[in-house]
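Peer 1: Residue numbers 162 to 308, in the numbering used here, belong to the letters of the sequence shown in order.
These are calculated hints, taken from the structure and not from any lab test.
The structure presented is a predicted model; accordingly, all values stated were derived computationally and were not measured.
The beta carbon of each residue, even a glycine, is placed where N, CA and C say it ideally should be.
Take these hints with a grain of salt, some might be off.
What the hints assert, rightly or not - Pair ranges (Cβ atoms, derived):
#, residue 1, residue 2, range
1, E170, Q265, 40 to 50 Å
2, H293, N233, 23 to 33 Å
3, R258, E215, 28 to 38 Å
4, Q262, L178, 18 to 28 Å
5, L193, Q214, 14 to 24 Å
6, R258, R307, 39 to 49 Å
7, L178, V226, 22 to 32 Å
8, G195, D163, 45 to 55 Å
9, S275, T296, 19 to 29 Å
10, F192, S248, 15 to 25 Å
Claimed, not checked - DSSO-like, lysine-lysine: derived pairs with alpha carbons at most 30 Å apart:
#, residue 1, residue 2
11, K227, K254
12, K227, K273
13, K227, K196
14, K171, K196
15, K273, K196
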Amino acid sequence: MDQSNTALEKRITADFLRARRRALLNYVLAFLSGKHNRLLVFQEVHPNLRSYQEVYLGIHSVEMVKIVGCVNRCQDFDRHFLPTQSSSAERWKSISRAYYQSIQLPPPILLKASDVYFVYDGYHRISVAQLHGVTHIEADIIEYVRR
């Protein structure tokens with residue numbers, strides 16, 4: 162491994178550790194303040210999915226602040242999409258590596274309900290983007306509208 166790759170790997174590892182520390186701090190602050198620190202769960206917010214119709218909207222730019230929840234894997238990230246589990250380190254680092262190398266990854270898949278979004282696929286892509294201060298992300302959108 163050459164020197165530039167070694168420096169990149171150190172940077173990626175430092176980023177992951179920074180994200181984990183922030184997630185731990187968020188947890189402690191939420192606990193002390195009595196607030197929640199978990200992502201909203203799509204099925205809890207919309208328990209009766211039979212009354213909704215799926216409409217494929219295609220790829221659009223989405224404000225990161227409007228991504229508020231998840232469909233599954235909710236325990237792996239806090240409400241700021243910071244990783245809460247060390248077990249996701251390798252996957253997170255591979256996405257971060259792609260970010261630094263400007264490698265185009267498939268867009269995450271988001272479910273839209275009202276004016277907010279829930280991650281269906283692409284949790285690590287959202288997490289890495291969040292850590293790097295990305296304000297908008299291109300995502301594949303499926304909207305849920307009342308029948």
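Peer 1: Can the restraint linking K227 and K196 be considered satisfied, given a maximum Cα separation of 30 Å?
Peer 2: Distance ~19 Å between K227 and K196 Cα, so the pair holds.
Peer 1: Given the hinted pair K227 and K254, is their Cα-Cα distance within 30 Å?
Peer 2: holds, 24 Å
Peer 1: May I ask you to test the hint 14 to 24 Å on the CB atoms belonging to L193 and Q214?
Peer 2: 42 Å Cβ-Cβ, so the 14 to 24 Å window is violated.
Peer 1: Kindly confirm whether 28 to 38 Å is satisfied by the beta carbon distance between R258 and E215.
Peer 2: holds, 33 Å
Peer 1: For the pair supplied as a hint, K171 and K196, confirm whether the alpha-carbon distance does not exceed 30 Å.
Peer 2: violated, 34 Å
Peer 1: Mind checking the hinted window 19 to 29 Å against the Cβ distance between S275 and T296?
Peer 2: For S275 and T296 the Cβ distance comes to about 20 Å; the hint holds.
Peer 1: Is the Cα-Cα distance between K273 and K196 30 Å or less?
Peer 2: holds, 25 Å
Peer 1: Is 40 to 50 Å a correct range for the gap between the Cβ atoms of E170 and Q265?
Peer 2: Distance hint for E170, Q265 is violated at roughly 21 Å.
Peer 1: Taking 30 Å as the top limit, are the C-alpha atoms of K227 and K273 close enough?
Peer 2: Measuring from Cα to Cα gives roughly 10 Å; hence the hint holds.
Peer 1: Indicate whether the distance between the beta carbons of H293 and N233 respects the range 23 to 33 Å.
Peer 2: holds, 24 Å
Peer 1: Could you tell me whether the CB distance from Q262 to L178 stays inside 18 to 28 Å?
Peer 2: The hint (18 to 28 Å, Cβ to Cβ) holds, given that Q262 and L178 are roughly 20 Å apart.
Peer 1: So does F192 sit 15 to 25 Å from S248, Cβ to Cβ?
Peer 2: holds, 22 Å
Violated hints for the displayed structure, listed by number in ascending order: 1, 5, 14.
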